[in-house]
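**Q** The listed protein sequences correspond, in order, to chains H and E. Under our numbering, the residue at position 89 of the first sequence is numbered 89, and the numbers go up by one with no gaps. To get our numbering, take the position in the second sequence, counting from 1, and add 1000.
Among these hints, one or two may not hold up.
Said to hold, decoys possible - Using 30 Å as the maximum straight-line C-alpha spacing, the simulated DSBU-like pairs for lysine-lysine come out as follows:
| id | chain 1 | residue 1 | chain 2 | residue 2 |
| --- | --- | --- | --- | --- |
| 1 | E | 1056 | H | 13 |
| 2 | H | 57 | E | 1105 |
| 3 | H | 96 | E | 1056 |
Hint data in this document are derived by calculation from the structure and do not stem from the laboratory.
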Amino acid sequence: KAGVTQTPRYLIKTRGQQVTLSCSPISGHRSVSWYQQTPGQGLQFLFEYFSETQRNKGNFPGRFSGRQFSNSRSEMNVSTLELGDSALYLCASSPKTGRAYEQYFGPGTRLTVT
Amino acid sequence: QKEVEQDPGPLSVPEGAIVSLNCTYSNSAFQYFMWYRQYSRKGPELLMYTYSSGNKEDGRFTAQVDKSSKYISLFIRDSQPSDSATYLCAMSAEGAGSYQLTFGKGTKLSVIP
């Protein structure tokens, strides 16, 4: 089975711009979660989507948003980028919602904001 | 106090050594305990998970959970250079809290040939 894929793998943006990241889950997985990883804060939960609905959200500002499509693929959007948004953004999929212990991660998108 | 504490290391051991990695936590609602391995410039890879207290073994890896002490461990036997990576502990609750993982910051391990 193919794993979680994320595109693009690397991205450089300027402060104030917006960015969209994409995630394709493992075939058959319907829950997609997003995490931000930085050296200072480690891995932090952003939000989870299941059946095209945002089910849960972490402690991030409204500039961070996402959506999920009927084929379970998900996108994450960050508007009005700030320098502090530079991070590795990780997508994880699991078969169902409420099963964080079965999350499998993609390789991540490394975002650099200049 | 962070919910999950993990010594960042770095930890350097000779090949063949037994490695012990640990995390402590404060949230008594946590019921699932995971260990992930992350190689440089890669996403975290799930090694194993344990539900509630007890031990779980998978090859050279053994996970232990002591809920009374809020302390979890991962032991790696006969460590290999290919085990050199950052090891992350992660936890989740049941029910309403079961949708997200709370991570430690990771311990960087180097196994020297």
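**Q** Decide, hint by hint, whether the structure agrees.
**A** Cross-check of the supplied hints:
Using a Cα cut-off of 30 Å, the hinted pair residue 1056/E and residue 13/H is violated, with the two alpha carbons roughly 44 Å apart. Taken as a hint, the residue 57/H and residue 1105/E pair is honoured in the structure, with Cα atoms around 20 Å apart against an allowance of 30 Å. Distance check on the hinted pair: residue 96/H and residue 1056/E sit about 24 Å apart at the alpha-carbon level, within 30 Å; holds.
The structure does not agree with numbered hint 1 stated previously, though it agrees with all others.
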